[in-house]
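Chain order of the listed sequences is A and B. Those letters in the first sequence? Residues 1256 to 1645, by my numbering. Those letters in the second sequence? Residues 1256 to 1645, by my numbering.
Please keep in mind that the hints were generated in silico from the structure rather than gathered at the bench. Since the structure is predicted, the reported quantities are computational estimates derived from the model, not experimental observations. A couple of the hints might just be wrong.
All copies of an identical chain are treated as equivalent in the list; a pair is satisfied when it fits inside any one copy or across any two copies.
Calculated pairs, SDA-like style, for lysine to any residue (alpha carbon to alpha carbon, straight line, at most 20 Å) [to be verified]:
hint: 1; residue 1: Lys1590; residue 2: Gln1336
hint: 2; residue 1: Lys1521; residue 2: His1634
hint: 3; residue 1: Lys1606; residue 2: Gly1622
hint: 4; residue 1: Lys1275; residue 2: Ala1378
hint: 5; residue 1: Lys1301; residue 2: Ala1595
hint: 6; residue 1: Lys1521; residue 2: Glu1638
There are 2 protein chains.
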Amino acid sequence: MSVTAARGFRAAGVAAGIKKSGRPDLALVVNDGPRADAAGVFTRNKVKAAPVLWSQQVLTSGALRAVVLNSGGANACTGPQGFQTAHATAEKVAEVLGCGAVEVAVCSTGLIGEQLPRETVLAGIDTAAGELTGTPEAGAAAAGSIMTTDTVPKQAQVTDPAGWTVGGTAKGAGMIAPSMATMLAVVTTDAVVDRAVLDAALREAVRYSFDRLDIDGSMSTNDTVLVLASGASGVAADPAVFTAALTRVCRDLAEQMQADAEGVTKRITVRVAGAASEDDAVTVARTIARDALVKTAMFGSDPNWGRVAAAAGYADAAVDPERLDVTINGVLLCKGAVVAGDRADCDLSGKDVLIEVELGLSGGADGHTAEIRTTDLSHAYVEENSAYSS
Amino acid sequence: MSVTAARGFRAAGVAAGIKKSGRPDLALVVNDGPRADAAGVFTRNKVKAAPVLWSQQVLTSGALRAVVLNSGGANACTGPQGFQTAHATAEKVAEVLGCGAVEVAVCSTGLIGEQLPRETVLAGIDTAAGELTGTPEAGAAAAGSIMTTDTVPKQAQVTDPAGWTVGGTAKGAGMIAPSMATMLAVVTTDAVVDRAVLDAALREAVRYSFDRLDIDGSMSTNDTVLVLASGASGVAADPAVFTAALTRVCRDLAEQMQADAEGVTKRITVRVAGAASEDDAVTVARTIARDALVKTAMFGSDPNWGRVAAAAGYADAAVDPERLDVTINGVLLCKGAVVAGDRADCDLSGKDVLIEVELGLSGGADGHTAEIRTTDLSHAYVEENSAYSS
Chain A
1256 MSVTAARGFR
1266 AAGVAAGIKK
1276 SGRPDLALVV
1286 NDGPRADAAG
1296 VFTRNKVKAA
1306 PVLWSQQVLT
1316 SGALRAVVLN
1326 SGGANACTGP
1336 QGFQTAHATA
1346 EKVAEVLGCG
1356 AVEVAVCSTG
1366 LIGEQLPRET
1376 VLAGIDTAAG
1386 ELTGTPEAGA
1396 AAAGSIMTTD
1406 TVPKQAQVTD
1416 PAGWTVGGTA
1426 KGAGMIAPSM
1436 ATMLAVVTTD
1446 AVVDRAVLDA
1456 ALREAVRYSF
1466 DRLDIDGSMS
1476 TNDTVLVLAS
1486 GASGVAADPA
1496 VFTAALTRVC
1506 RDLAEQMQAD
1516 AEGVTKRITV
1526 RVAGAASEDD
1536 AVTVARTIAR
1546 DALVKTAMFG
1556 SDPNWGRVAA
1566 AAGYADAAVD
1576 PERLDVTING
1586 VLLCKGAVVA
1596 GDRADCDLSG
1606 KDVLIEVELG
1616 LSGGADGHTA
1626 EIRTTDLSHA
1636 YVEENSAYSS
Chain B
1256 MSVTAARGFR
1266 AAGVAAGIKK
1276 SGRPDLALVV
1286 NDGPRADAAG
1296 VFTRNKVKAA
1306 PVLWSQQVLT
1316 SGALRAVVLN
1326 SGGANACTGP
1336 QGFQTAHATA
1346 EKVAEVLGCG
1356 AVEVAVCSTG
1366 LIGEQLPRET
1376 VLAGIDTAAG
1386 ELTGTPEAGA
1396 AAAGSIMTTD
1406 TVPKQAQVTD
1416 PAGWTVGGTA
1426 KGAGMIAPSM
1436 ATMLAVVTTD
1446 AVVDRAVLDA
1456 ALREAVRYSF
1466 DRLDIDGSMS
1476 TNDTVLVLAS
1486 GASGVAADPA
1496 VFTAALTRVC
1506 RDLAEQMQAD
1516 AEGVTKRITV
1526 RVAGAASEDD
1536 AVTVARTIAR
1546 DALVKTAMFG
1556 SDPNWGRVAA
1566 AAGYADAAVD
1576 PERLDVTING
1586 VLLCKGAVVA
1596 GDRADCDLSG
1606 KDVLIEVELG
1616 LSGGADGHTA
1626 EIRTTDLSHA
1636 YVEENSAYSS
């Protein structure tokens, strides 16, 4: 599992003292090669954290030797001082590993608007460097030390019969953009993968995994997904097969994030079919997934399909009410935007809810569909998010 | 106050028996003329309730003799049967008043996807017709009978020195589009106002009142704002003066809706200045006002400005982080997207919160600003909306 599953990688996770709680808060993932190909996807928020600005810059080379990640502070809205901290962090990693700072990506997560304790971070890197190993335990330690409001570490792995592996870890309960709170993910592979292929594969994988998870429509300043390829298996991966494996790992991580989202009591999948285009399918599914009235109804185990129909109706997409069907947990409740079934037949007592919306504007082989995963809006969500910074 | 403040109008509000609780649920507002000019603004949701489809159709004439409103059922997603109910409702009002059904608008609010009890509604119209008077009490009764989750009736009035009055009532806690739950408003005036002027005035008034209130980003199938002009004062109103008076009444009603929004513990005003355009100012203010993390922070009286900066950063508008300032309740907390003040100096213990965002992209006489009013995301909001239909 995790970032040490693929050959050529070592990792560590330590308690550097950034978090006041004393919990693990700093992770280091090192690529020992022979290759150092890498790709990244970052938040589309215009307000970007210092580590995002740093990592975007260093990734233009397409190569990374290491990633250093911290929880306990986002290093966002911290100005030149914050950028210098991100830079110093990369320099320190470069120093202990004997590589260049431009080969080191930095990821941070936590509260916006506070400076990171720079010396504490740098000392933590020394500690982490001393604990670097390629064991599963080291991967798990790295996974544990990037947690913020996560209650469990997230790890995933796919091994291909051709002899290469993709493994990864993630934190957070959102998506690249938007996201509930920062999400960070590092995925490693020992396949031999061209840089251009790696970049294209990551964009495709993110599109159908983290980008299809929408907890509350917010978008973080820090979201980052990185993939590092060591080539240590010596096996050149077929681009399509590799993309599929990377997508599986990212989807697995995204599902773990959904299950562990802040305040979650229901795991909701919104599936839209028959849209005029794939973009429209995503837009309708996302609008339903974000609707506060839909989300509170689900929290109340209330199959209030009228709210689903209303949300579809205000989505910025082609919707014809006369063709709009809504099915919840297998019970057709609304056909052509008209009441069709009995709410009482619809059982929402379980933890999983499937909302299916048929738009009737495409079908068969030309049908456009999309799925967005989200969670309900619960008392625990309000509780957790009303008492975060202070 | 209310719809009977202007001369030429009678109203009534009765308990017709649509609501199981037995509370008032049907209102009638009648324009006795001499003129019958009218204008309306309706939800932009593609899924429109039957009464919206009916009222949009009859309003193409620009004339209305009466409006009948019910709570206890939205008559949305009810198909041909629902439309026939809306039609029969207008026919019944026409019959008791001796006018044409095409001179009667219909408004409904309540749960989506259930048929209204048609005979109960028609009988209620008989009762209401028997109670029609032009007294303030009748206006208040009408205001009371359109309430759903409202805890207080909403009424407003402006009287112009020239001798005419604008008065109105509203229900709901949202905006025309989007809205938290259905909002309905009926405004009456005894000024002599051209139909074209009335229509333009209403669009302008709504734009700066109900459209600037955003409780949770949802958009109802039933939102309707109507204005009826009797001309009974015999005074022709100056279009600009009339527009200003109508806007004041609508803003007053919108502020009452904000103060009575579901689960409200904080009244939040988001004021954006220095935007590249007015549309951008609205977009940034609305994005912040809708952000669940901002809203939960406010519920927790937590001046977490980082969430405000992050929300501005993902708004679909021109935003330059280096010019982005955030001030909460008068304390400058963030300058150029960098921490500038101490959160501890910011007192959010009161009920009113003012979030000011300066974008620095326009200024002075060419400055583009906008204000959106919203509320916090509280436990009570979740409670109320998780137990609505069932």
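Hint check:
no., hint, verdict
1, Lys1590 x Gln1336, "between (58 Å within a copy, 14 Å between copies)"
2, Lys1521 x His1634, "both (12 Å within a copy, 17 Å between copies)"
3, Lys1606 x Gly1622, "neither (29 Å within a copy, 50 Å between copies)"
4, Lys1275 x Ala1378, "within (16 Å within a copy, 67 Å between copies)"
5, Lys1301 x Ala1595, "between (44 Å within a copy, 19 Å between copies)"
6, Lys1521 x Glu1638, "both (16 Å within a copy, 16 Å between copies)"
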